[in-house]
Amino acid sequence: MAGKFSRRALLRGTVLGSGALVLGAPVVSAQGQEKVIRCGVVTSLSGDNRFGGNLTRRGYDLWAEEINKLGGIEIAGQRYPVKMFYGDAQSRPASGADAAVRLIIQDKVDVLFGPYTSGVTLAVQPISAKYQVPMISGSAESPNVWLSKPAFNFGMIPAVDLTSDKSIKVLAENLGSKAKSVAVVGVDEPFSKETAEGFRHGVQEAGLELKRFELFPANADLTPIISKLKDDNPDIVAVGGHESVFINFVNAAVSLDYRPKALIMHYGVTSAAFINQLGEKANGALGVSVWTAGLPYRDDLFGTASDYSELSFARWGTHPDYTEAGCSASGLVLQDAARRLGKAPPWDQKTRVELTKAIEETDIETFYGPVAFAKEGDHFHNNIKPVPVVVQIKDGKVVPVAPSSAAEGELQYPMPGAS
Amino acid sequence: MASNPGQVRGNLFRLAAIAVGLLALGVVPAFIDPYSLRIVTGALMWAGLACAWNIVGGYAGYISFGHSAFFGIGAYTTAILMQAGIGMPFLATLLPSVVIAMIVAAIIGGPTMRLRGAYFAIATWAFAEMLMQLATILDITGGTGGLSLPAYLNEFFFYYTMLAAAAASFLGVWYLIEYTRFGFRLKALRDHEPAAEAMGIRTNLVKVQAFALSAAITALFGSVFAYWTTYIDPMSVMGPEITDQMVVMVLLGGLGTIWGPALGAVVLWITNRYIWSTFGDTVVYLPVLGLIIAMVVLFLPNGLISLIVGRRRGRELISRILRKF
Amino acid sequence: MDLFLQTIMNGVLIGGILICLTIGFQLTFGVLHVIDFAVGGWAMLGGYAAYWLVALAGIDPFISIFLVFVLFALIGRAVGPLIYHVRTSRYARPDLMALAFTFGLFLLMRGGALWLWSYNSRNVESVFSGEFLTVGPVTIPVLRLSAFLMALLISLGVFLLLYRTRFGMAVRAVAQNRDHAGLMGVDVKRVSAYVYGLYTGITASAGVLIATIYSVNPSVGVRYTLFAFFVAVLAGLGSVGGVLIAGLALGLMESVVSTYVGTRYSLLVVFGVLFLVLLIAPKGVLGRGI
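Chains as they are written, first to last, in this note's numbering: chain A, 1 to 419; chain B, 1 to 325; chain C, 1 to 290.
Hints are computed from structural coordinates only; laboratory data are not their basis. Quick reminder that beta carbons are idealized off the backbone N, C-alpha and C, glycines included. Take these hints with a grain of salt, some might be off.
Some chain A residues well away from chain B (every beta-carbon gap over 10 Å; in silico) [unchecked claim]: (1) P81; (2) A206; (3) L278.
Just the calculated beta-carbon pair ranges, DEER-fashion [claimed, not checked]: (4) C:Y163 x A:G279: 32 to 38 Å; (5) B:G172 x C:N120: 45 to 51 Å; (6) A:E376 x C:I59: 57 to 63 Å; (7) B:M295 x A:A272: 40 to 46 Å.
Construct all of the structure, not just a fragment, from the sequences and the given hints.
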């Protein structure tokens with residue numbers, strides 16, 4: 001009995017110890033000597049957020065491919081190719097942190113391209129700060145990400161609270177006295193909740209009546225909430241969520257014989273899936289966008305927004321959404337900062353810090369729009385330049401309708417088929 | 001207990017083996033890079049969690065599908081206490097976290113453990129999901145937005161903390177089971193409950209004590225995990241995934257054995273991380289996990305440890321444990 | 001008042017489907033004495049089957065539901081003996097091993113679905129989608145009404161099977177007392193396998209109905225398992241009749257809580273009530289549990 005137990009204890013110790021050593025066998029490869037720029041992509045390639053995560057990866061990859069076609073990033077007259085490494089966050093913050101550490105320690109990346117979700121971003125931030133590796137994110141829209149003033153993290157997309165807030169005000173202005181009451185609903189998950197809260201804030205600042213503010217769990221039955229909205233009968237219904245929720249919402253509302261006078265959602269409205277799956281029912285829905293393929297932005301690598309859209313379509317078979325676009329634009333930020341830095345790779349820790357400072361000073365025009373990072377306040381290191389535009393689906397097309405400076409069409413209110 | 005030269009020698013040998021094992025683990029950080037250190041730290045955590053689950057699942061004989069609740073209680077207690085407003089230092093949060101978990105376990109353990117096997121499983125599952133919903137709704141937990149903890153990124157610190165916690169858990173459980181009256185009562189309970197009652201053992205009390213102990217250890221690891229990851233949300237610390245892994249690890253390693261859970265935890269965790277870093281994408285892990293459980297139940301119900309200890313002994317051990325139902 | 005009536009209607013319609021979801025589960029428990037953790041998984045897979053039949057062959061789910069039933073009944077008939085074997089084997093704690101086995105099965109299903117079909121929700125279009133009837137102040141989505149009726153039809157079918165056929169008699173006999181039934185000449189092993197097949201067929205069919213109303217994605221199985229457990233426990237595990245009441249009860253409870261308390265709290269309430277019922281009345285509200 002005693003012998004067996006001690007044998008097991010020894011066994012356990014040896015198993016753990018040797019397992020650890022086997023893993024630790026240093027990954028020897030020709031690193032640090034090559035003149036390439038090593039970029040690590042941390043995103044959710046599996047798990048719940050697999051879909052969004054893969055969009056971000058496509059965005060980053062498209063940029064890498066395009067820049068490498070030219071030979072790489074240009075620094076002081078020479079071109080240095082970009083090499084991409086990937087770490088799957090598995091839609092979990094802890095795995096994201098592991099992935100970041102692995103990319104930094106084992107793959108020795110110089111810069112990180114950030115995750116799809118804010119949760120993973122938050123977990124990776126301290127790691128990015130500890131090893132002083134700058135991270136540029138094309139996604140992650142929660143305002144929480146910037147509250148801690150992360151020195152090494154930069155975000156391309158303005159936080160949702162900014163965009164949803166502004167869009168309600170723009171809408172209210174456009175509709176004038178026709179719209180007095182608003183009901184705000186949203187999915188109880190970070191992005192959607194923050195969007196909904198942004199809407200609510202906008203409603204309060206615009207002086208409108210908030211008839212209802214309610215969150216519901218993802219995958220919930222929408223019948224109760226639509227029954228309530230039908231009962232409330234507000235002038236505007238604002239929904240915070242991803243596109244699948246919007247699609248369900250519109251379908252459920254139709255089956256309960258309810259069409260609000262105005263229905264504003266968020267980015268998802270501009271996605272191809274929304275229009276395709278709903279067909280006619282999508283017409284009249286309002287959305288918010290900081291980027292669509294029709295906007296008049298351009299840069300030297302991708303051309304115009306529309307050029308980028310076609311490029312992405314040719315490469316991946318689908319038109320890009322704003323997430324993909326933001327991620328590709330992240331690469332442009334790196335390009336510009338590296339060029340201004342003027343130091344050739346391989347980069348050491350000290351150089352990375354200088355690179356980070358260079359990124360902070362970014363002020364460029366891209367196909368995605370203008371990019372400049374705030375250096376103080378609640379949206380520290382967030383790109384606050386893009387102007388959200390309210391769009392409306394008309395005959396299956398996304399048409400900007402407000403503010404008047406960006407409008408290409410007239411805002412239709414009430415929307416077609418309103419009860 | 002030691003009462004003859006043979007047994008004294010056996011005990012010494014046992015202790016020596018443990019000391020060697022601990023020493024080996026203690027010097028590991030000197031040989032491997034920070035990333036691999038993270039992996040080993042993770043393995044230690046899961047070994048500890050498996051050990052905790054085994055107390056209730058293997059020893060008391062109640063399959064709990066709700067242990068993630070205690071992991072979450074530990075994680076959230078530490079996270080909340082370390083928030084800017086309260087700002088407690090990490091080590092000070094460990095005691096409240098463990099105590100709260102024990103209190104919750106004691107409160108629900110009493111009535112819940114009166115239920116038979118499968119009912120208990122469902123009840124614990126319902127309880128865990130209920131707590132996760134609460135965490136999603138309340139503001140103090142940050143709702144679905146989660147909580148961020150002050151970042152302290154010293155991999156060595158976390159490695160040694162996890163090692164200390166895991167070692168304390170295993171050695172503590174081993175000592176309790178083999179050398180104390182509590183352990184004696186627990187084993188009597190597991191072997192044959194009516195007989196134990198007839199002998200005057202208050203089986204309800206023992207069951208609740210075991211449940212509370214298990215909860216306490218689980219919460220401890222939850223706390224360390226929260227500080228280690230620096231960001232938690234309901235899904236990541238209270239989700240069913242945590243319970244799933246704990247159950248599989250113990251089943252795989254060997255239900256109701258001292259070291260089986262450690263073996264199962266290490267094997268599964270290393271496999272998981274290996275698949276992840278090699279193939280970049282571990283969607284395949286979940287169905288594989290399911291397949292492993294099915295295979296273990298069909299072909300290796302006594303767990304991997306039985307392959308080492310010997311099938312006969314392992315089977316003996318397991319049937320005695322599980323017959324208590 | 002209008003809202004209240006609508007809420008009641010919503011609850012009843014969903015309740016019908018929940019009945020269909022749980023009826024097979026009760027049979028399995030009664031005959032095999034196994035709590036099948038994978039019940040939600042079968043429903044989820046049924047939903048996916050309906051999706052693919054629509055997407056690839058354009059078959060309306062209200063027609064393909066019969067195909068799905070047959071397909072899954074066959075699969076279940078094949079898997080059944082495994083479960084029976086685990087449940088009746090000589091080792092250790094068979095019912096817990098069976099629980100663990102079905103748990104593993106569930107993980108396999110969920111993970112497999114995630115791996116093959118990814119996380120996105122799939123909508124299952126039907127000819128009834130979007131249509132509605134108006135009865136006074138209440139709007140009734142035709143889709144839900146049809147699903148409700150179909151669910152009742154299936155449940156009726158089960159009852160007829162159980163109480164009007166010899167096979168049904170054999171099933172009831174085994175549920176009452178396995179050993180005695182065996183002594184009376186019932187091939188318990190075969191009956192168990194068929195019952196499992198019946199169960200998977202019914203549950204997958206319920207999954208089809210649910211998928212037309214909500215969408216389907218790999219993680220919905222967990223919720224369906226929860227709902228099935230809830231209805232089963234409330235009715236009393238193994239009680240097929242009690243499911244009629246318990247199913248409606250859950251549908252109404254969810255609807256009322258979502259509407260009047262808040263949708264965020266509905267899951268919390270459901271889990272909470274389940275937990276309390278288990279503590280206070282594990283044999284079900286009517287006390288007919290096994």
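Beyond 10 Å from every chain B Cβ - status for L278 (chain A): holds, 27 Å
Cβ distance range 40 to 46 Å for M295 (chain B) and A272 (chain A), holds or violated: holds, 43 Å
Satisfaction of the hinted span 57 to 63 Å by the C-beta atoms belonging to E376 (chain A) and I59 (chain C): holds, 60 Å
N120 (chain C) and G172 (chain B) - C-beta distance against the hinted 45 to 51 Å: The hinted range 45 to 51 Å holds for G172 (chain B) and N120 (chain C), with Cβ atoms some 46 Å apart.
Non-interface label on P81 (chain A), tested against every C-beta of chain B at 10 Å: holds, 21 Å
Range hint compliance [Cβ, Y163 (chain C) to G279 (chain A), 32 to 38 Å]: violated, 47 Å
Minimum Cβ-Cβ distance from A206 (chain A) to chain B exceeds 10 Å: The claim stands: A206 (chain A) keeps its Cβ more than 10 Å from every Cβ of chain B (closest is about 25 Å).
Checked against the numbered hints listed earlier, the structure breaks hint 4 alone; every other hint is satisfied.
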